[in-house]
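Peer 1: Residue numbers (the numbering used here), protein chains in the order written: chain F, 4 to 584; chain H, 243 to 510; chain U, -18 to 229.
Keep in mind that a hint or two might mislead.
[What the hints assert, rightly or not] One-sided and incomplete, this derived list gives chain F residues near chain U with beta-carbon spacing under 8 angstroms:
no. : residue
1   : Leu188
2   : Thr196
3   : Leu274
Hints listed in this document are in silico derivations from the structure and should not be mistaken for laboratory results. Glycine is no exception: its CB is placed at the ideal position from the N, C-alpha and C atoms.
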Amino acid sequence: MATHEFAAGAAHAHAAPQGFIRKYVFSLDHKVIGIQYYFLALTAVFVGMFLSLLMRIHLIWPTASLPLLGEIKPEAYLSLLTMHGTIMVFFVLTTAPQGGFGNYFLPIQIGAPDMAFPVLNMLSFWTTFVAFVVMLCAFIVPGGAPLHGWTGYAPLSALQSAGPGEGLGADLWIISIALFCLGALMGSLNFITTTLDMRAKGMSLMRMPLTCWAWFITAILGLLAFGVLFSGGVLLLMDRNLGTSFFVPLVTVNGQLAGHKGGSPLLWQHLFWFFGHPEVYIAILPAMGLTSQLLSVFSRKPIFGYKAMVYAMLSIGFLGFMVWGHHMFMSGMSPYSAFAFSILTMAIGVPSAIKTFNWLGTLLRGRIRFTSPMLFAIGFVSLFVSGGISGPFLAQPVLDIQLHDTYFVPGHFHLIMGVASIFGIFAATYYWFPKMFGRMMNERLARWHFWFSFIGTYAIFMPMHYLGMAGHPRRYSQLTEVNYLHGLIPLQKFITYAAFVTIAGQFIFLANLFWSLKHGAKASDNPWEATTLEWTTATPPPHDNFGGHTPVVHNGPYEYSVPGAPRDYVMQTDPEILAAH
Amino acid sequence: MGLVLLIVIWLITLLSTYFFIAKTWWLPAGASALAPAIDHHFTTTYIVMGIVFVAAQLSLGALVWMYRDRKDARSAEYSHGNATMEIIWTVLTLVLFVGLNLMSSSIWASERFRPADPGAVRVEVTGMQFAWYFRYPGPDGKFGTTKPELEDASSGGEGALGLDTTDPASKDDVVTSTMFVPVNHEIEVILRAQDVIHSFFVPAMRFKQDAVPGLAIHMHFTPTQTGDYEIACAELCGLGHYKMHGMLKVVSQDEFDKWLAAREAEKQ
Amino acid sequence: MATFSPTASVDSPTVARDDHGIVPPVRRGGDDGGSGRPGSPDYRTRLRRARLGLLVALTPVLMLFVSFTSAYVVRQGLPTLDPHTNQMVRDWIPIKLPNLLLANTCVLLLSAVSMELARRQMRCEAAHSPAAPLAAGLFNGEEAMPWLTLTILLGICFLTGQWLAWRELAGRGFYVATSPSSSFIYLLTGAHAIHLMGGILALLVAGGAALLQRPAGTRSILVDVTAWYWHFMAFLWIYILCLLEFAH
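Please construct the entire structure, taking both the sequences and the accompanying hints into account.
Peer 2: This is how it looks when you write it as structure tokens:
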């Protein structure tokens, strides 16, 4: 009877495909799709990083003429920052952790042979890919890329005449984001259905690794949020091209009536931030899940407070939909609403604090192994704390008066969302590279990469808090006009030099990645001595993940250093441990 | 490696904290009635969050060093957590965060939950790509109508605002490109924008408010020290955003009255 | 080779320490459905999974229209600054909806009925069919085809009617950008129409699958999922109509 079931499983709906196109281009295998997403994100992060390099150069040398690019005009600077933010938030932070690693490892970690809807999975990648191409096209059309910031506030984003780049470039930007929404929604569909319906026997929800919980909750956030962003995009496209007035009141640009009336710029902000706030949790949750995982594996200790970690992530997800107004304290929104949003925002700091305490609790009395994934996980905790501490300043409207739209804000969000999430991506790469490609990455190069990144990103983003306190507004392409900014130029110079060094360090990672693909030391099936299901299968995993077997789970995911066990780790599929806990 | 991590984390923490304490780059001196309360709350928040920051980072550094794998027979502790501790630190954090917020909310309420005093000096502040204009209502106390069709930025002042000169209430309106206000007198600003969102930001006054097209937003503040204060635009408004600055001049009541009288006389 | 411990799996079922004997074979999960014979666990699993997927997929569609609704409500009540008078004024003028929309609604409701009949027909046959190979040609969903076809035709009829309603509005001088209320009428009806087109496409695929003699289980699932989607579209239409007509 058992073998009969296996025959059905082995005669897997889509047996391993043949041919280059079916195997590597339009693959239905979640592992290949995960790798495709990863390399898309890798390309995007280097593009985004290059854009920020140009920004930093322009800020301190505004009149410099660069090879091939010439002088960067003020509007070009604004296009750089718009595209930097958009590409990083969407095509890196929302792509690599979820579409990349989530796609690859969610099915394996829950014991499934693939995602629920493989064809949809393949479509979701290609939709995202097309979205990226469309985004890049904004650079090369007449007028260039838009200059309205990744937040795209109307009427600046709604009027073609409001600035260079606000023509076709802005339309392409919106279309790209709309396509991205569709791709992300398809992905969410798969993640949620797979998690709910395809867990192996014994893999109850409360035995799932925290990475799976993170991907699951992230997918739910995306499911609820991307539809709203899409709606905003549709309305914006209509305002821009069909003459409607959803977001544009009676305005004149360059003395000409723009032809709209009655619309509300605040409506755009509400719609955008209703998506935008959950989006930042979408960016960070997978990294939180992974950090929990790595701290446990490399401390050889169960995660401190598994249930609390789950509830904390659920609360963060839930509350995340109720705090969007904290981006709008100065917008003209009602001060009473501001008060309500600020209380909820302070409340959302609580589950994040719980997670931090639990990470520290995991390290306490552990046996810490300083592998490269662990370094980045420890780095994540430090960055998360730093970025998180600046949150309560911005969350209080009366302090936000001073800090809103100053450099304090990018200081905050780069640390807690940008860099922390990137550290999660690096950690995931070093951790899972052996399983994905059968080779270890070079530890020495990894350490250099870690130090460059950790010290470098602090050197870039910590000073931004000081700039913000001193009143330095955001999105200024030059610091020469407003007098009180002159004294802050030396600090801006320091930030730029720090950026040079940090960016240089990222090439160590790139070199390590590509070199290790071919020449890395061969990896065993479980080089980290970890307990979750991906380490029970071959390296790299076979097409249906478990080679015809279906795993049966008996243990939780963090059974390390169990008293009386033969080794300091017990796989999830090992016989059930009888230790009481 | 554990020791190196500890040193680096501690150094970064202590260095960053030093610059916050030393106030090397800091808030400009406050010059409005609300500034002392805001600055006091800044300090409170700093101290509280600073303690948390230092404690968390120093613990992180200490833990990774103390519990490094010493390759001996000691095994890690097998513990899934401590529910009591969870509850304690959850409640403490909640009390701390909400407490801080309620303290600041009373300051917020005191300024923003009430309209301006009836006797406040009213100034209409209009942002446009890429300049600020200021309008005083004149002796009749009324702002005249403006018509978008009449806007002509090149003629400056009244022309830039599109002031409708056929409206009797417009005749005495004073339009300037520098904002004069009297010290120790509540100022009501009515914020408007012609094209896109701008933001009126005067750091020393601890005052910031977006100027949104389609809205006339009423805010108020009371300057308490004379001087010249730069106004910076704090909402991305296009390619000239970085150079859209203005000047707020806080002068004595006498000087202000004289200045305003002179401007109004010009309108006769 | 591997450095991991031997995993307990159905291959070696006696590993369980507490001697429960053979670990029962895995039924759910790890099984992406093979040939999809209706009536087998495969079919039920696939149906459940497909329905779950649809439920999840309808969530962002719902959020899209919730978002449009909130924009609608906000815009309706929103005062805006009239620069000529320096006063805040409300500029919302409701539009009388074309009567054609009521006729279209009837058409859509009829199509929901025929859709449901198609769905039940296919489910009936799927339940009755034993786990026998389908080469027998015994069951090919022929009974459901008329209902499917009728649904497609009624759907197309509805869309045509919507387009005619748009023409009527345009004839009265109401285009997309004429006024905020006209913008919303076009927006809401247009977004709904696009989604309905997706449903028609799915039905055409289902019809095509029948003609191409695809496995019956697959076709049954396709029609089932499309039917629920169709019903959702019908409810959504009623909601949109009520919003446009009654919300003030």
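Peer 1: Each hint should be assessed against the structure and marked as holding or not.
Peer 2: Here is what the structure says about each hint:
| no. | hint | result |
| --- | --- | --- |
| 1 | Leu188 | 5 angstroms, holds |
| 2 | Thr196 | 5 angstroms, holds |
| 3 | Leu274 | 6 angstroms, holds |
In this structure, every one of the numbered hints holds.
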